[in-house]
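Using the hints, position chain B against chain H.
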Amino acid sequence: MASFYGTELTSPLMLGTALYPSPAIMAEAFKASGAGVATVSLRRESGADRAGQDFWSLVSDFGVPVLPNTAGCHTVKEAVTTAQMAREVFGTPWIKLEVIGHTDTLQPDVFGLVEAAKILTEDGFEVFPYTTEDLIVAERLLHAGCKVLMPWGAPIGSGLGLNNLHGLRTMRAQFPDVPMVIDAGIGLPSHAAQAMEMGFDAVLLNTAVAKAGDPVAMARAFGLAVEAGQAAYDADPMEPRDMASPSTPLIGKAFLE
Amino acid sequence: MLFGLTMQFSIIGAGVAGLCVATEMMARGAKVELVDNAATPGPHACSWWAGGMLAPWCERESAEEPVLRLGQESFGWWSSHVPVTRAGTLVIALDRDKRELDRFARRTEGFQTLDGSGVEALEPDLAGRFDRALYFKDEAHLSPRDALQRLSDQLAAKGVTVGNAGTPDVDVIDCRGLSARDDLKDLRGVKGEMLIIRCPDVTLSRPVRLLHPRIPLYIVPRGDGVYMLGATMIESGERSRITARSLLEMLSAAYALHPAFAEAEVLEIGVDARPAFPDNLPRIRRNGKTTWVNGLFRHGFLLAPAMARMTADFLLEGKKPEVMDENHS
Chain H
1 MASFYGTELT SPLMLGTALY PSPAIMAEAF KASGAGVATV SLRRESGADR
51 AGQDFWSLVS DFGVPVLPNT AGCHTVKEAV TTAQMAREVF GTPWIKLEVI
101 GHTDTLQPDV FGLVEAAKIL TEDGFEVFPY TTEDLIVAER LLHAGCKVLM
151 PWGAPIGSGL GLNNLHGLRT MRAQFPDVPM VIDAGIGLPS HAAQAMEMGF
201 DAVLLNTAVA KAGDPVAMAR AFGLAVEAGQ AAYDADPMEP RDMASPSTPL
251 IGKAFLE
Chain B
1001 MLFGLTMQFS IIGAGVAGLC VATEMMARGA KVELVDNAAT PGPHACSWWA
1051 GGMLAPWCER ESAEEPVLRL GQESFGWWSS HVPVTRAGTL VIALDRDKRE
1101 LDRFARRTEG FQTLDGSGVE ALEPDLAGRF DRALYFKDEA HLSPRDALQR
1151 LSDQLAAKGV TVGNAGTPDV DVIDCRGLSA RDDLKDLRGV KGEMLIIRCP
1201 DVTLSRPVRL LHPRIPLYIV PRGDGVYMLG ATMIESGERS RITARSLLEM
1251 LSAAYALHPA FAEAEVLEIG VDARPAFPDN LPRIRRNGKT TWVNGLFRHG
1301 FLLAPAMARM TADFLLEGKK PEVMDENHS
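Heads up: the protein sequence lines correspond to chains H and B, in order.
Position 50 of the first sequence, counted from 1, bears residue number 50 in the numbering used here, the numbering being contiguous throughout.
When you read off a place in the second sequence, starting at 1, and then add 1000, the result is the number in the numbering used here.
Pulled out of the complex, with its shape left as it was, chain H reads as follows (with noise of 0.2 Å):
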């Protein structure tokens, strides 16, 4: 399994822990998806006086390690500011960096991420940075100081899954010894298992999990799945082909008809 910034995961599943119907449902949820990571995202104003603090006790409980993020970020500024407070309230340098770009499809603005993600790579943070496939900006991203990318599967909260195969096949063809993670869009738990069997090295999804009917039972599948992705992944699968190729060897048959 691939390690980020020196560790090592006990799941490729990254479990995000907004959304659920109580900190109790999410609890369960956490130990039957068998995470490896809990994302946890800080509002600035829960931060100010550590108000949100009792909540993330809870996260803290659950015995991985913990992945703030800047989500709902729209400047270079204010992610920076909040990931200085993220690092503050859970004491860890990783944080999954996101600068938002645009409001409805929640884009992320490639260019303030680079930026960010200089300035907090600088200043001891070990980023993770949500990106978009393009691969120049993975360059950039690397560039900076980045050490793992996180490409998205589709815009976050949609569940469409991988909405570009090609993309994010040639993302990983091109960045082999870059550990990368799948972040957003994953609604699914085959999504998730898609992304593991294309040689990703972990998954981020929430509301997958959080908004189902029964988020503890999708969390299972999830962590399932996951595990099967990988499986299959380490198990070198078989090229497709175009023609049929039948199983049972035609020569030697009795009869051909």
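Think of the hints as simulated: they come from the structure by calculation, not from any bench.
All figures in this text were calculated on a predicted structure; none of them were measured in a lab.
The hints are all genuine.
SDA-like mimics (lysine to any residue), calculated; alpha carbons at most 20 Å apart, straight line:
1. B:Lys1098 with H:Pro155
2. B:Lys1098 with H:Ala212
3. H:Lys211 with B:Phe1104
4. H:Lys211 with B:Lys1098
5. H:Lys211 with B:Met1233
6. B:Lys1320 with B:Thr1290
7. B:Lys1098 with H:Thr105
8. B:Lys1185 with H:Phe62
9. H:Lys211 with H:Gly161
10. B:Lys1185 with H:Ser60
11. B:Lys1185 with H:Gln53
12. H:Lys211 with B:His1212
13. B:Lys1185 with H:Asp61
14. B:Lys1320 with B:Gly1029
15. H:Lys118 with H:Thr132
16. H:Lys211 with B:Pro1278
17. H:Lys31 with B:Pro1278
Coordinates of chain B only, in the frame set by chain H:
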């Protein structure tokens, strides 16, 4: 009831939980006193800022089963003490969020699906704006501040006034909400922000819920063109300060519901934190001579009657409440 004496209780906290418990205990023959820093209901209690919706079927979308079942006790209880409007709840979504309506329908029961003319028949001002809605006809709403004041007045009429300190050595029922965090370590605050606006241009007769993946809004008519808009749900114990973002989101949602809300006058901005346990379900706990009634979360008016009934069942008849758990304090 030893030696024929009436049992006596000191109830701390005169928000919706304390007032309902006091009313119920009195009605069942106990002697009660109320202890609160403020003599009358007011903004210090988070129930002052409540929506006042008695909506167990709608709440079931995200709440556990007891909320649906226990919440149904609220209709009869409140109706016998304060004015209650039983006009149902209308649940709608904007075109782009139509699927939220399907999701809501899958998670709930007790509704009928309306088309555009059905919406118009119930709420003429929404005519032509929504071609599909869920109508939860058995739900109700009340005016929280009026209800708190009436309970308080009814208790005062029976000689129960609110004092600063309780009689020593009397059994205590602690209904302090989030202030009881000193005793109940697993209690947390969930911040809510709300607005009260006046908009005589729009007439709505029942609570309307506008579904949205990020910012679900409800709007509750208070009469005379006054509406309550609510409410955010933020994992934070902060009890003051509204952010521009929350304000903007609530007002945008209201505007999307009906553009005439753009002309509304903002009368009040309210912020407080709801007391909640990790599963967002309420609890009755007992330790020594103190019984805690807490964790009503966003269901203060909905669940207080059932909590009051179970508290009385427990303290006066020895019946263990289903919401009682081991004391974690």
